[in-house]
Structures are given as C-alpha cells and as structure tokens.
Amino acid sequence: MRRQSDWRDPEGDSSDDEPAPLSTIPLTPRSPSYRITRSRSSEAFRLPSPESFDRPYTVDSDHDVIRLVSYRGSPLSDRPYDLDDHFETLRYLPSSNYQNLNITRGFDSGSSSTESYNSYPEAKSQSDDPYSDTRPLLPRNIPRKWPKPKYVKGLAKEGRGLGLGGKWTIHKWCLIVSVTTVLLYGIAGMAIAVLTWFRAWDHADVMYVADYDVLLLLTLTSSLLLLTSLLGLTSTLLNSRPFLAYYTLLLFPCFISLLSIGYTSYKRSTFSLDRKLNLAWSQWYTPLGRLLIQDSLRCCGYYNPIHEATSSTRCYSRSPLPGCKGKLFRFEKDNLTTIWSAVFSLVPLHIINIFVALVCANHVTKRFGKGIMPKKYWLKVEDVVLMRREKGLGETWIGVVRPGMTRAGLSSGMFREDKEERRPLLGE
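Once you know that position 243 of the sequence shown is 243 in the UniProt record's numbering, the rest is easy, because the numbers rise by one and skip nothing.
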C-alpha cells in the first residue's frame, strides 16, 4: 500500500512545504474478483484492510491485471504463504490467459523477482486438459462435502453410453417400455377410428350409423392415449419428474375411457341385441342412415322390402334383396364382440402401466428428492477452520464478514467507516 508521503505529482516535483492531497478511498468493499482493470487509481489507492502478504502476488498480462484474492487475518510475519495455492487458482484460468503471464512479487515489476508460469510443472500438465477452458475458478482446498462440479462439455455427453449399466437407470427403461405400449395401442385405436370415419373398410357405414357412440368414445380415448403417451415419452427422455407426475395422473382418465368403451359394447351385444336393433331401426335411424345400411349390407327394409325401407335404385317394393335384420344382427354381434374383447384385454396391460408409472416416475434418475443438499452438509465456518488445522495452518485465517451497524457521532459532520484506520496515516 502506498503511503501518502510517497505521493508525487505526475506533472512536476512536489514541494515539501505543500501538504499531500488526500485521496478518495472507496468506502464500499470491492467484490472478490479474479480480474480487475489496470488503472492508476487501482494501483495507487487500495482499501485500508490489511493484506495477507507484505508483497502480494500479482499476474501481469498485456491488457489487464489478474490479482489473486487476498485474505484478511493475522500479522504478516506469522502467516506462511503457500505458492501452490496460487498456482492452483491460476491453473483454472482459461489457457488463453496464461500463455504469456509472469508472476511478480509486488506492484513494481522492475524491482521484484519474476517467475514464469509455464515453468511450473503442474501448470503444464493442466494446459493439455481439454476442459481447461471450462473449469470454474475453485480453490483446491474446498471441503469434500461439496459435490464435484460438472462442466458444459461433460453435460453434453450425459446421454451417451445408453445401456443397462450406463447412464439410464432400470426404472427409466421400464418407463420407456411402458410408455411405448401406451403409444402403440393409442395409435392402433386412432387408426381404426380414422379408417371408420373416412369409410375406408367394408361395412364402415354400418358401424358409423349403428354404433356411433362407440366410435365417438373410441376416437376420444385414442386421442387421450396419444396425448398421454407423448407426454410420458418426452418427460422420460428429459428426466422431468413434474411432467411424469402429470403423465401418471392422465393414465387414470385413459383407464376410465377404456372401461367405458368395453362396457358400452359388451352391454349392447350381450343383452337383447335383436330388440335393440328393432327399436333403433324404427325410431332412431334416419332415412339416410337406413339407406347407408342397405347399400353396405346389400339388403332392403328390416324384415322385407315393404317394411320400413328407404327407396333407392336397388331397394323398391318388389326388390329381390332380403331384409336387413339377419345381416345387421350378425355384423353387430361380431363387431361389438371384437371391440369389447380387445378393450378388456388391454385393461390389465393398462393397470400394469399405471403401476410402473407410480413406482418409477420418481426414479427416472439417481437423484434423490429435488437435488438440494441436506442442511447438515452445508459448508460452515467451522469446516474451514478444521480444514486449515489439518493442513497445519492453524487459526491464521478469518473470513471477511459484514460489518456491524454503527451509529455516527453527534459531533462529526460526516461519518467515515474507515476513520479509525486512517487516523495513523494522517498522523504521519
């Protein structure tokens, strides 16, 4: 720290009779930074806090000054400095910053000894590290309680090596298989519904007219299954536990929709199907609906051509075509039986998928809970003191703490928080 008696006027010689002008000292402590800008004020005037060493180490480069963090503590003569700690800090700097660096003791490079950074063997070994440009500025004496920091390049390789013993857990593989099965029978149901809506298979018109409610339920259920499976697949691949919770919740409406399709088709095909078809032909079907059934099944009327038939080029009073009762009954029996059998066969599989989602959704990764470090593992002042005792440094380091609240004196016109520290300097 320069003393005020050593101050010289840059434009001319200062007279001994003239008092040295007072310099402005920042009252707010500077933030601990590894990189500061070179300026005359930063070199001439510094904070009034004592430094760790009488001649602190600095690193001079072409455009800026990299100053190591200094600690406030005990007298300088009782503090042994460790050059390895400074090199440990420097080796985490990007490689572009220490190619031409010189480590200098003091601010005056002409009167101090200089050592080349590249001559340090540990620095040379670290310069070949591909992650040297991305490592954080961390001292090596951080306690082992802290987790190992991850780097950007390391996170980019997170998804590689996908195997049972690789990055994915067995719970994630079970989720992938489960979500894939939901996606498959969702696609199958949607394909059948779309083909029926567009009349792309034989007798699709009959199902469109006679089983319109079942077709509508099939479409809605397939859409819900597709939405749920896509959400589950995306959440599993992205390891998103909140969205996996939504996926698990949506599996229950899908289950209810599947049961509604199976129950409706089973009840219709099992209990008095012929009477239901007779009532529907007489009261529920429109003339256009009867015409679609007649053209698809190649029949005319319900019992015969003169019984509630819709006239067309093929169906008239003396048409040789038979009635539609027998053909419609057989088609409905086979179609509804196929639907409820397929749906009820998917119910056990869907229950298994719900169970897998409930068990594995919170274990898609090996992280426990929300990934927050438990409180007993937080870094404390006692941990740092114990660490320094183990290294043999003793009670030589005291951390910088927030200054307490101080009431300004009534006699002084302006309060200066560094008044006591500047009093010896003014006395000189």
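Read the hints as simulated data drawn from the structure, not as lab findings. Possibly wrong hints are sitting among the right ones.
[Said to hold, decoys possible] Below 25 Å or equal to it, Euclidean Cα-Cα: the simulated SDA-like pairs (lysine to any residue) are: (1) LYS267 / THR337; (2) LYS276 / LYS333; (3) LYS333 / THR286; (4) LYS167 / LYS366; (5) LYS325 / TRP201; (6) LYS333 / LEU292; (7) LYS325 / ASP213; (8) LYS172 / PRO242.
Proposed proximity, THR337 with LYS267 (alpha carbon, max 25 Å): 10 Å, holds
25 Å Cα cutoff - pair LYS276, LYS333: With a Cα-Cα distance of about 12 Å, the restraint between LYS276 and LYS333 holds, given a limit of 25 Å.
25 Å limit on alpha-carbon distance, applied to hinted pair LYS172 and PRO242: 15 Å, holds
Pair hint LYS325 and ASP213, alpha-carbon separation not exceeding 25 Å: Given that 25 Å is the threshold and the Cα spacing comes to 21 Å, the pair holds.
Holds or violated: LYS167 to LYS366, with C-alpha atoms at most 25 Å apart: 9 Å, holds
Satisfaction of hint between LEU292 and LYS333, Cα-Cα up to 25 Å: 19 Å, holds
Satisfaction of hint between THR286 and LYS333, Cα-Cα up to 25 Å: Roughly 22 Å between the alpha carbons, so the hint for LYS333 and THR286 holds.
Pair hint outcome, LYS325 versus TRP201 [Cα-Cα no greater than 25 Å]: 21 Å, holds
The structure fails none of the hints (numbered hints given earlier).
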